[in-house]
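S.K.: Chains as they are written, first to last, in the working numbering: chain A, 84 to 769; chain B, 2 to 305; chain C, 2 to 328.
Derived from the structure by calculation, the hints contain no laboratory data. The reader is advised that the hints may include incorrect statements.
Pairwise CB distance ranges, derived in the manner of DEER restraints [what the hints assert, rightly or not]:
| id | chain 1 | residue 1 | chain 2 | residue 2 | range |
| --- | --- | --- | --- | --- | --- |
| 1 | B | Ala207 | A | Val743 | 51 to 59 Å |
| 2 | A | Glu570 | B | Ala207 | 25 to 33 Å |
| 3 | B | Ser205 | A | Gly565 | 17 to 25 Å |
| 4 | A | Pro143 | B | Ala31 | 22 to 30 Å |
| 5 | C | Arg324 | A | Glu210 | 28 to 36 Å |
| 6 | A | Gly639 | B | Ser205 | 27 to 35 Å |
| 7 | B | Trp38 | A | Glu210 | 38 to 46 Å |
Yeah, the Cβ is synthetic: ideal placement off N, Cα and C, and Gly gets one too.
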Amino acid sequence: MTPPVLEVAGLTVTFPGAGGPVPVVRGVDYAVAPGEVLGIVGESGSGKSVTALAVMGLLPPRATMTGSVRLHGEELAGAPERRLTAVRGRTISMVFQDPLSALTPVYRVGDQIAEAIRAHRRIGAKEAERRAVELLDLVGIPSPRQRALAFPHEFSGGMRQRVMIAMAVANDPDVIICDEPTTALDVTVQAQVLEVLRTAQRETGAAIVMITHDLGVVAGLADRVLVMYAGRVVEAGRVDDVYHRARMPYTRGLLGSVPRLDGGRARLAPIDGTPPSPGALPPGCPFEPRCPAALPECREAEPPLVAAGGPGQAAACVRAAEPVADPVADPAEAAEAAGADPGTAAGRADGRPERAVVLRVDGLVKHHPLVRGAVLRRRVGTVRAVDGVTFDVREGETLGLVGESGCGKTTTLMQILELAAPQRGTIAVLGRDTARLRAGDRTAIRRDLQVVFQDPLAALDPRMTVHDILAEPLRAHGRPPGPRVRELLGLVGLEAEHAGRYPREFSGGQRQRIGIARALALEPRLVVLDEPVSALDVSIQAGVVNLLAELKERLGLSYLFVAHDLAVVRHIADRVAVMHLGRIAEIGQVDRVYAAPAHPYTQALLSAVPLPDPARERARRRILLEGDLPNPASPPSGCRFRTRCPRFTALGPAERDRCVREEPEVRLLGGDQGAACHYAERVDVM
Amino acid sequence: MVTSAERPAGAAPSAADQDAGPPSRGRVVAGRFFASWQGRAGFALLALLFALAFAGPALSRWSYTDKDFLAFLSPPSADHWFGTLQTGADVYAVTLRGMRRSLVVGLLAALLSTALAAVVGAFAGYFLGWTDRALTWVTDLLLVLPAFLILAIMSPMFSGGQWPLFVAVLALFLWMVTSKIVRGITVSLKEREFVQAARFMGVSPARIIFRHIIPNMSSLLVVDATLNVSAAILTETSLSYFGFGIQPPDVSLGTLIADGSPTAVYAPWTFWFAAGLLVVIVLAVNLAGDALRDACDPESGRSR
Amino acid sequence: MAGFLLRRLINHVVLVAVATSLAYMLAAIAFDPRSNYQDRSPRPPEAVVDARLDELGLNDKTPLFERYLAWAGGVLRGDFGPSVTGEPVLDDLARRAGVTLRLVLTGLLAGSAAGVLAGAYAAVRQYGVFDRLTTGLSFVVLAVPVVVLANMSIIAATWLNDLAGARILLVSGEATPGLRGGFAAHLADRVQHLALPTFTLSLGLAAIYSRYQRNMMLDVLGADFVRTAMAKGLSRRAALVRHALRTALIPAATYFAFSFGALLVGATFTEKIFGWHGLGERLIDSIFTNDVHTVAAISCFAACAVLVASLAADVLHAALDPRVRVS
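This is chain A alone, in the form it adopts within the complex (with noise of 0.2 Å):
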């Protein structure tokens, strides 16, 4: 066997905290061979970036480090400064989360990749700048000679991500850590740049330490994968081995939570509570309190991490030698299992229900300047955020709205949401056109229509007790608060006694029930729901999916779910509507959509989702995109998706003809499905 280019060894980082020491990574072992890739997973606050930080010995001065981490066998805990800086960027190097913040501002791309060659070799600033190019040209940047003169501003997430990943690989580095590599990202993104990794590590033939939050990505590109919980690893082994055949119930819980594409339906399986603070952990086994399957035993001490189930599988539980069952076997025979509500399924037919419209947009359109400059400010052109959207939302009907950054969902929401005439196109809510509103009658609409913001911390105000905030709508429309507040309170599965607190006494999904209760005080008919769970860890997110879809059945609510993850719409939408660059690329009923799509993009985008599925993942055919959305100011003539269409690519040219010269409108495909391609045809991409 060949020795590990990477060894951690009973790694712990603690910081000083208000209360005395807080220990953030409390023993962490691990090793990395030769061109491998380990996956870490964990949720936010498990201690996996930190982790990374300190194999760098990049921690901040604050923080305490003990433990050994040795990189070909060379020990770099504890070596001094000048030895850590001959070794990063040339045998170890970096690929961190958000590729924005992470370049210098101020520096062109080029000179910041020919900076990272120049630390390490002595090469002339001509050599240095020729390489730059050709690493550049190496992770997919086009016309990468013009493109090193950019600054990082010039770029999009994902151009700047593969700045990153050229700067990383600039000295042909033997170990190659990414840290949320595509976290800030679109899915179609997301795919272009785990492809320029797995390029890269051909190159180079690095091994690299994946960190992310994401079963899916995890079970596309990694050989092994260790699972963090409150510092520790809690199970490690191969990759198949811990996706079908976990030990640890906190995995098992983790990947039952993950909303999938291919699932149906079913309802998800939230983990109870939150993780815990590495400030205050509980005694024993910190997973203890949320366990499902916990003992007496489990809260007395906290479990060794012990070999148990495959080869190389290990797992911190002490009922880690039980059998188990395969947590992600088939979904849809696990929907059958958990008891899905076949009835839903059934109720849907091709046809829609025939049931009062509680929102219609038409040809809804919404441009805006954009202004350039500090000293001479100036229009540079328009943004034509949204460009003709047409779609209603039934009562009782949840439509999901999604689409990338930039695609103009949020613009459409907003709109809707200021009940004000559009530029162009009607709106209207509960049958009333908002361009002919009066005041008052705004007043009155708002009452039924109300929302729910994606970051619950942002949405509700910090200063206020959650009694003040759920009486707020009350008090606006003149109704006295009184009993409401504890109902509401009620209704959303949280304590009477939570009222008289502040927001920031609570965890991200509490938050969010907060904001769901504050949104429902003046029993809407329709709630408009901006990415309500995007902002939340995996295992909380399910228990706030769970919620609204009960809430939903119980009080006979309509939504406009605005979203751009498509695993989560599946489970919680009726019919789907995907955008691109502001028009309706493909519309209909959610099963019909996602088993075969017919437009091009909602092709890519639903192939771009990672699967938490090893196997399947791995088999998948992938449709991938060339280069990065067109510019909303200037989108490309005809169809604005046919300069990384892939199907246009196979058209002939008398074909690709009307692709260019004429803008489709969404055509019915027969059912409730209809896309907007000249030329569209239903795949399956799963």
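Fit chains B and C to the given chain A structure using the hints.
M.R.: Chains B and C only, in chain A's frame:
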């Protein structure tokens, strides 16, 4: 000044709310404030100075209007603790009197200017459009007018016990920069979800401004008010030094320093007591303001 | 683009015009130039005073608005009117502007350079001895009003000169009148005169800059891009200087332009106390001599200085920060 009177009223309920919750924000901030040496030192010094300014004159048998015709320009002694001036006035008595005036002027001017900054900035940033253009123009105009000159020209109006007018004009030239900051924060706060949520619930704009926007800047405003205290005291001193501020027979630290500086070399007590107290006041206010800033904003200071 | 530039320019011109007019009106109402002649002995007859005041355009028997129009007409032709002594205001101010510029430029350069360096170093060694020392010092300096600081430095200089038994530091004026000697002697004389006012001016600025730069530097020290620079293999020192300091200098440079504009008139106290015949000194004198035209002209100059400085700050910001440049 009608608008500025509304601000404390708008901010007051939120302060009351804070005390209601279990670990109230006010108490957390106070805890952090007193945990830093700047906070403790600043607070202790200020408390001491206020006690001295208001209770101190009672300790001496000389009042600030008395003249001792037996002792002109005499050094500190048991009779005249800080010595006497050329006029025979007791330095201890006049210095405390001047300090009292300076403290009151500084506090009032700071409060007024911060209130003005909050209201103007928040309205401009919230409504944008023409409201913003008009308010920004006024702000810019006051910014380009040389404050010192206007105050100096108006100085004859401040005599005869009209010092409150001086305070008002002083405040009028202190608020502009803060107001611009407040406007910027308001523009970004307006995009924050909790403000949008209130808007989409049908809450009125004025209520949103006084209930959500201004309370959410309270830490900035408190810090700004603190630092404005020292700015106001320093400006008052400079103006009074040239005879443009507090008018005789009223005294302030500025007028005392101006009167004392020609004799400073051979009769140091005429200059150093007033100058020293002034430095200590401003130092104390700045220390407290800095500690308050760190206490209000957990991102800055200690955590790094 | 031209449209925007034009709008901004028009807005600035209007601001300057309104500010200058306001200052004129205020001064014309509050000042009493007639009183300049009342203390003379023998007291001039009223008709003579009236004639003289008419000549200067300051006669309070002419309606204010008429006086204003006559003066404003002159301003449009580039003539700010005569001062109370009868000389054209602009000639005097132009000469004084050079004096002020020399003082402000040296003071600002010395102060900002010292402040930026001290602040940046203090941030890197946060809570170290140097940081604590500069923090404490800047607190004390910021608490000392310029008038006290100036008087203190004069006292200190007098004491130092006595101690040395020679006049090392000169506390009044810009140069010794009638000094004989070569270029070197003149230069030394200028430096001797410049040292104290520059020190007074720059000490306060250094204190402000060091606080400001320390905060800016602390903001970028924790930035991801500094971490990236170190992850690339740059030493801590290189990462701090090349990446952190370079980025943190942008706001300081902008602030530099701002304070320059404000200081052109703001160095009043320093000039007055050290007897420099600059704009600030003229401002104070003009108030005492009821000189309406000079007050208005200085207001105009101050307004222009602030606006030009804000424009310069924007240009400087764009030059240093590619993010705000129009690409």
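S.K.: Decide, hint by hint, whether the structure agrees.
M.R.: These are the hints, each one checked on the structure:
1. Separation of B/Ala207 from A/Val743 is about 53 Å and conforms to the stated range, judged on CB atoms against 51 to 59 Å.
2. Roughly 30 Å separates the CB atoms of A/Glu570 and B/Ala207, a value that falls within the hinted 25 to 33 Å.
3. Between B/Ser205 and A/Gly565 the Cβ separation comes to about 22 Å, which falls inside the hinted range of 17 to 25 Å.
4. For A/Pro143 and B/Ala31, the Cβ-Cβ distance of about 28 Å falls inside the hinted range of 22 to 30 Å, so the restraint holds.
5. Here the CB-CB span from C/Arg324 to A/Glu210 is close to 29 Å, well matched to the stated 28 to 36 Å.
6. Between A/Gly639 and B/Ser205 the C-beta distance comes to about 30 Å, which sits within the given range of 27 to 35 Å.
7. Taken as a hint, the range 38 to 46 Å is violated for the pair B/Trp38 and A/Glu210, whose Cβ atoms sit roughly 54 Å apart.
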